[in-house]
Every structure is written in structure tokens, then in C-alpha cells.
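Participant: Let the sequences and hints guide you as you build the complete structure.
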Amino acid sequence: METTTAEHIIWQEQDLIRNEFPILKQTVNGRPLVYLDNGATTQKPVSVIRSMQEYYTMYNSNVHRGVHTLSQQATAAYEAARHQVAAFIGAHHHEVVFTKGTTDAINLVANGFRKDILKEGDEVIISAMEHHSNIVPWQLACEEKNAKLKVIPITDKGELEMDVFRSMLNPRVKLVSVAWVSNTMGTVNPVKEIIELAHEQGIPVMLDAAQAAAHIPIRVHELDVDFLALSGHKLFGPTGIGILYGKESWLDKLPPYQGGGDMIKHVTFEKTTYSEPPLKFEAGTPAICEAIGLGAAVAWASKLGIHRIGAYEHQLTEYAIAQLKAIPGLRFIGEAEHRSGAISFLVGDTHPSDVGVLLDQQGIAVRTGHHCTQPLCDRFGIPGTVRASLAVYNNTEDIDRLVEGVHKAVTLLG
Amino acid sequence: MMTIKEQQDRIIEDFEVFGDWMEKYEYIIQLGKDLPLIDPKYKTDDNLIRGCQSKVWLHAELTDGKLVFTADSDAVITKGLVGLVIQVLSGQTPKDIAEAEIYFIDAIGLTSHLSPTRSNGLLSMLKQIKLYAIGYQAKSLQN
Chain A
0 METTTAEHII WQEQDLIRNE FPILKQTVNG RPLVYLDNGA TTQKPVSVIR
50 SMQEYYTMYN SNVHRGVHTL SQQATAAYEA ARHQVAAFIG AHHHEVVFTK
100 GTTDAINLVA NGFRKDILKE GDEVIISAME HHSNIVPWQL ACEEKNAKLK
150 VIPITDKGEL EMDVFRSMLN PRVKLVSVAW VSNTMGTVNP VKEIIELAHE
200 QGIPVMLDAA QAAAHIPIRV HELDVDFLAL SGHKLFGPTG IGILYGKESW
250 LDKLPPYQGG GDMIKHVTFE KTTYSEPPLK FEAGTPAICE AIGLGAAVAW
300 ASKLGIHRIG AYEHQLTEYA IAQLKAIPGL RFIGEAEHRS GAISFLVGDT
350 HPSDVGVLLD QQGIAVRTGH HCTQPLCDRF GIPGTVRASL AVYNNTEDID
400 RLVEGVHKAV TLLG
Chain B
0 MMTIKEQQDR IIEDFEVFGD WMEKYEYIIQ LGKDLPLIDP KYKTDDNLIR
50 GCQSKVWLHA ELTDGKLVFT ADSDAVITKG LVGLVIQVLS GQTPKDIAEA
100 EIYFIDAIGL TSHLSPTRSN GLLSMLKQIK LYAIGYQAKS LQN
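Protein chains in written order, with numbering that gives the first Met the number 0: chain A, 0 to 413; chain B, 0 to 142.
Each statement offered as a hint is correct.
Below, simulated DSS-like cross-link-like pairs (lysine-lysine); rule was C-alpha separation at most 25 angstroms, straight line:
no., chain 1, residue 1, chain 2, residue 2
1, A, K99, A, K114
2, A, K407, B, K54
3, B, K32, A, K407
4, A, K114, A, K246
5, A, K246, A, K173
6, B, K40, B, K65
7, B, K4, B, K65
8, A, K407, B, K23
9, A, K407, A, K24
To list a few chain B residues with every Cβ distance to chain A over 10 angstroms, as calculated:
no., residue
10, M0
11, T2
12, E5
13, E12
14, V16
15, D45
16, L61
17, S89
18, D105
19, I107
20, Q136
21, S139
22, L140
Derived by calculation from the structure, the hints in this document are not laboratory data. C-beta atoms are modelled at their ideal positions from N, C-alpha and C, and glycine is treated no differently.
Facilitator: Structure below.
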């Protein structure tokens, strides 16, 4: 296989990289585990697990509160994690709000727009390939304000219809919120173009980067995106932590999401003044250990280099598509030109859930179902898909096992 | 008519002959394919038990004091499992169904199909069957 230097390094380092993920060294149903459900959650390298263990073993304490040594250590580590994540996405640290994850981050922004920005007759634009977490918060906000939720349609290949998007932009649109990468089809959307087009008309853009973060380098300032959300657990980090990036001017403008400790400057029963962002949005004791784990995760990914990871995965995806294509009756759901991570397919008239059960019997973990994108499945008139989603620790053997597994499943279902 | 316990023991015995998972699933798949389980007129949204992964339709009817179930699923493995549940519980009295302990799924090594994470509708279907049984039992006590 022809390789450039970037991905060549990862092909050579494959064994070393896999070795850093203890969970992969096990058998499931008597076979070595093949983990291809990275779109749902990635596995964690030892450095992440160790960072979290160290926190609870050595310096567990509450942040931003105590004068004692442990509290200062915990605060320093928590804020260092914020700096690490900020560097990872090319942001200033005060533009990075820790949240529970992508869903929480989108809800934070949707809540702010609902309260202070959306008016009757306004519009919010999303796309037909969104995860439910980038549909329902906007639906709730629009319903309450009698605003309209508009949906960018997609082509049969699973790409956004950009001409239609252009025609949808008008002064009533208050926000465009779209996925960078589709969790079901792996489509990489032209986010730079989307942002430029929206900004020409003064419309802010939010990106759901949950499926992009482990595969595509993120530079928020270069993109000039207004909001961006991602989840730690899809980026080799722990669950229960993610971030909202917001431009400073937007974070100043949005009202607090929740009230409580840590987000206040001064409280009286008559009036409370709030902390500056990002703390304004971090009420209560945060997920300290998880934030530290996320810091370790982005450090791990940065060391490897997201651009190198992406280049390697691109080759692996091409290999997978070529191998899967040879299975009689197999059809892909989503065949975008630019893709990353997820590969969705159906075989003949077999039900995705049946294929998933039989793959599990062979130690192969994939996701089946509608992947929290029911409107997308309705668009294609399917009950769901079988989805294999890749990460940097997957290799051609994993793909070969998947192909062999699908063959066996289809024979059994015959 | 075999009791619920006898039906379960019979299925457990049937499954003992299977050498590996493939034979077991081949049997379940065949069961799913062979059983025309439900009258199409009962395949309505009211009878639909929606799982995250697959759909199950369940219809209950009381005939001569016995509860008769018919069902279907859009996934063939789920349909096979549904077929097994029906073999065990259909045609029994509401009282027996309400009081029955279902142990055969565990015993034939298919417990994972009952886990809430699998969300294939089988667990919800079992719950629904029990609810029907309890409902009919309460009704018969009132009469």
C-alpha cells in the first residue's frame, strides 16, 4: 500500500498504539474482541485511565474553593485540562466551557437562544442528518417561541444539498446548527463553506463536532465558528465530560444555563451577579476527574497527531469499503465523497439487528439500529443500519474479521 | 396441555443438543421464519411494542378462560425468540401466566436478549404479556 509519511508512521506504530488500550486485549464469546463501535464511544488509553486514578489516589479535592494544598492541586489540574482542550481546538482557554458532553453543550446554547434571542417567526436551520441531540433542543426552543425549525435536505449519497441551504438563508434565521461529521453515514460536511455563507448574512453557526473530534483537526478561530460542541468519551476520554466552545462575545451574551455554586460573583436574596465565562456556565462542583481525564485524552491524541490519525483512518476506511463491497447484496447507506469514521450498510433484506446479534456472537462489536437519527432513517425508508465505526487502533485484521463475520451472519440468516 | 414449567423444560432439553452458537441461532432463525404468528389485522400501532432495535407486535385474546397470544417481529431472530415465548405462555390461564417464573431464556444461554441494552422488544413483550395476564385475572375476579 502506498503511503505518505504521515499515515506511514501509524501503520508502523499500530501494535504499539493498540497496546495502549488494555480493553482490546480480551476475548468476547470466545473470539478476540473486534471493537468497531467507536462512533458510540471510543476506548481509553492507559494514560487517561492513569490520570484519573492519580486524581482520586493523590489529590481529590473540590476546585475553585479551598485554600488548602489539595484543592489548589485539583484546581490547577482542572484548569490545565481546560488549557489542553483549548490548545487542541485552537481556542483561548476562557472560551472553553466544560459540559457533560455534546448534548449538554447544545442544550446550553439552545436554552440561551430560547430565553434571549429567538422571537416569534424566527428560524433555526439544522440538517436532515442530525443526531437527535441536535434536533430536539432546537425543537423545544422553537416550539416555545413559535419559531420555525428548518431542515437542510440531503442527497441520496448522504450529502447536504448546499444549493438549497443557500436559498434557506434569510434575515429571520437566527442560527445554523449542523453536524461536522454524520454519526450514521460518516459524511464530512463542508463546514467552512457553511460558516462563510451564514456569516455573509450575519447568521451565527454552531457545529456538533462529536464525530469529528477524534478524526479531523479542529481550529475554531480559523473556521471562525461561533459555537462548537464535543464529547470527551468519543475522543479517548471519559464519559460525563465534554466542552462547549463559544466565541467570547457570544459567551458574554448568553444567559447562565443553571444556577448554583462556582458560577456566581456575589449573591444576595435580591440580586446575584455572575462569574465571567466560562465559569458562568459551570454551576456546581464540576466533573473534575473527568475533565482531567479529557485533558490526558487530548494530550494523547495530540501526541499522535489528529491529522496523522485522519490520514491513517482514511486508508483504513477505503480498505473496509472495498472489502465490504464484495459481499453480495450489501449496500451502503451514505456514500459521500468526503467521509470519516462511520460506515453504514445493509445486506439484502436482513434486519440490522439480526446481523448485529450474529456479529456479537463472533466477538465483533458494531452498532445497529437508527443511531439516534430516526428522521435520517425515515429519509432512506430503512429501520436502521449496521454501522462499523473506526478509530486509530483499528487495523485491517479488524476489517477482515468484520467481513468474515458479515458473511457468516448473512449465510445463517439466508 | 403442558404446563408452563413443562413447556420451558422441553425447550431447555431441545436446546441441549446444539453443539455451538451457530446451530442454536440457526434453529432460532428457522423458528422465526416458519411461524406465521399474527393475523395481519392485528399488526397495528396499538399492538406495537417498540424496541430501539426491532419492533414486536403482540395481540392477546381470551378464549375459554385461556389467554392466546399471537405476535410478530420485523427482525427474524427476535421473531424466533418471540415464538419460543409464545410456545411457553400462550394457551395458559391468566392466573398461571401472571404467576409464572420464566427461566428458560436464561437456561438456554440467551439472557443477553433480555438485557435492557439490547432493547429488542423481547423484555417489553414479556412485561406486556404479564400485564395482559394480570389485567384479565383482575377482570375475572370482578365477575
